[in-house]
Amino acid sequence: MAYSTFCQTPNDSTKEPMFFGQSVNVARYDQQKYEVFEKLIEKQLSFFWRPEEVDVSRDKIDFGGLPDHEKHIFLSNLKYQTLLDSIQGRSPNVAFLPLVSLPELETWIETWSFSETIHSRSYTHIIRNIVNNPSVVFDDIVENDHILKRAGDIARYYDDLIKLTQVHNLHGSGTHDINGEKITVNLRILKKSLYLCMMSVNALEAIRFYVSFACSFAFAERRLMEGNAKIIRLIARDEALHLNSTQHILSLMQGGKDDPEMAEIAVECQQEAYDLFVKAAEQEKEWAKYLFKDGSMIGLNEQILCQYVEFITNQRMKSVHLPQPYEELSNPLPWMKNWLESDAVQVAPQEVEVSSYLVGQIDSSVDGDEFLDFDL
Amino acid sequence: MILFDGKHSSLLEALESKKVKVFSECRNGFCGACKTTVISGEVSYLTQPLAELKADECLPCCCVPETDLNLKLSCQGV
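Chains A and B are the protein sequences, given in the same order. Residue 249 in the working numbering sits at position 249 of the first sequence; the count goes up by one each step and never skips. Residue 28 in the working numbering sits at position 28 of the second sequence; the count goes up by one each step and never skips.
Certain hints may be false.
Residues from chain B that keep clear of chain A, each with C-beta distances beyond 12 Å, as calculated [as the list claims (entries may be wrong)]:
1) His8
2) Val38
3) Ile39
4) Gly41
5) Glu42
6) Pro65
7) Leu69
8) Asn70
The calculated lysine-lysine pairs, modelled on PhoX-like cross-linking and capped at a C-alpha distance of 25 Å, are [as the list claims (entries may be wrong)]:
9) B:Lys21 with A:Lys318
10) A:Lys163 with A:Lys149
11) A:Lys318 with B:Lys72
12) A:Lys337 with B:Lys7
13) A:Lys33 with B:Lys54
Selected chain B positions facing chain A (Cβ under 8 Å, derived; list incomplete) [said to hold, decoys possible]:
14) Ser24
15) Glu25
16) Cys26
17) Arg27
18) Asn28
19) Phe30
20) Cys31
21) Gly32
22) Ala33
23) Leu50
24) Glu52
Since the hints were derived computationally from the structure, they do not count as laboratory data. Idealized CB from N, CA, C, for every residue including glycine.
Could you build the full structure based on these sequences and the hints that come with them?
Pasting the structure below:
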C-alpha cells in the first residue's frame, strides 16, 4: 500500500474507508462518502479572516499598564498558543494526508491545517505589537520547561504515527531493524497509532486551547487587551470547527461501519484514550499553577481555572464517548459563552454582528410588492 | 414546563429565558456543546447542524420545537 501522489488505479472513493484505503487520486467533490467534511470545508472557508484586519494598537497601552504578574500570564499564554498552532499548522498534513483515502476528508485536513497557519500568523501580529523585540517571546518557547513538557506529549502521538507510516511505506509489514532500532509495524499497529493520535489532537483542540482562551477573555472582561481578545475569538471559532471534525472522525472510527477493525481498536484503546485525556487535563492544571504563581488576576485564579479544566474535560470526553473522570460540577466560567458565541464575532469593521457571512452572496428574489411605493 | 411562544429565536434562548442552564459555546450548530437528549417530541432546524447527532438528540441553539417536547435536562445549574 505504498503511497502515491496520484494512484492510477481507478476506484470509487465512496467505497473506501476514511484512512488506509487506496490513496486519493482525483480530487472530486461531486460524490461524497461523508458530506459532513464538505460542510466543514465550506464553513471554514466562510470563516476566513486575516489578523491584520483586527486593530491591536490599543493593546500596547493596556499591556504597559498591566502589573508584572499579569504580563506573565498574558505572555505565557501567547507562547503556549504559539506552540500549539505551530504544531497544528503542519502536523495534520504531514501525519494524516499520506493515510487518507477520501477526497473530501483530504481537503478538509488541508483546509483545517491552513487555518491554523493563520492563527500562527496572528500571534506574530499580536506579539510584534506589544513587545519591542518579538524574539524574547518566541525564543523562550523552546527553552521554557513548562511549555516544553507539554509540547513533548502533544508531538509524541504525531511523531509516532509519522515514523510508523514511513517505515511501513518503505519496508512494509514486519519487524525491521532501522538504525539499530527494532520497529514492528503492520496495518493494525498503524491504525492504533492513528486512533490515539486523533484522540490526542481532539484533547489538544478541546481542552488545551481553552485554558488560554479563558485567560484572554478574562482580560477582555475587564476591557483590557481587547484587540487580542477579538483575535482569540476568531481563533476559538475556528477551533470549535476543528474540534467538531475530530469528534466526527472519532465517532466514525468507533462506529465501525467505516472500518470494522478501527472499531475493535477503539474498544481496545479506550483506557489509553481515557488516560491521555486525563493527562492532558492534569498538565493544564499544572500550567494554571504556573500562570498564577506570582498572583491571580481579577476574575480568574488558579482554582477557578482548574475547575474549568475539569468541567470542560468532562464535557469533551462525553462527546467522544469516554467516561468522565471528574466530579460533575456547574460551569465555573459562565461568561465564557459570551465570547465563544460565534455570531458575536466581528470579522471586518463593517461586519459588526454576523460572522458567518459568505462573500458575494446576493438575494436574487425580488417580489412585485417591493415596487408598490415607487413613484415616477 | 416552558412555553415556546415564538418570541425566542431558538429553543436554547427559550430555555435560558426560563433560567434553565444549558452548556453552550458557539450557539450556531457547529460546536455541539449544547447537545440535549429528546425524550419525546420533534424539533425543526433553522440552520442544519454540523455537529454529530444521534437520533434522539437535538441542538437547542439552532432548532425550534415542532410539537410538545420532553427534554432530558440536567437539574443542576450548568
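We went through each hint and held it up to the structure:
no.: 1; hint: His8; in the structure: 15 Å, holds
no.: 2; hint: Val38; in the structure: 17 Å, holds
no.: 3; hint: Ile39; in the structure: 18 Å, holds
no.: 4; hint: Gly41; in the structure: 23 Å, holds
no.: 5; hint: Glu42; in the structure: 22 Å, holds
no.: 6; hint: Pro65; in the structure: 21 Å, holds
no.: 7; hint: Leu69; in the structure: 22 Å, holds
no.: 8; hint: Asn70; in the structure: 21 Å, holds
no.: 9; hint: B:Lys21 with A:Lys318; in the structure: 18 Å, holds
no.: 10; hint: A:Lys163 with A:Lys149; in the structure: 21 Å, holds
no.: 11; hint: A:Lys318 with B:Lys72; in the structure: 16 Å, holds
no.: 12; hint: A:Lys337 with B:Lys7; in the structure: 22 Å, holds
no.: 13; hint: A:Lys33 with B:Lys54; in the structure: 18 Å, holds
no.: 14; hint: Ser24; in the structure: 5 Å, holds
no.: 15; hint: Glu25; in the structure: 4 Å, holds
no.: 16; hint: Cys26; in the structure: 4 Å, holds
no.: 17; hint: Arg27; in the structure: 5 Å, holds
no.: 18; hint: Asn28; in the structure: 5 Å, holds
no.: 19; hint: Phe30; in the structure: 5 Å, holds
no.: 20; hint: Cys31; in the structure: 4 Å, holds
no.: 21; hint: Gly32; in the structure: 6 Å, holds
no.: 22; hint: Ala33; in the structure: 7 Å, holds
no.: 23; hint: Leu50; in the structure: 6 Å, holds
no.: 24; hint: Glu52; in the structure: 5 Å, holds
Checked against the numbered hints above, the structure violates none of them.
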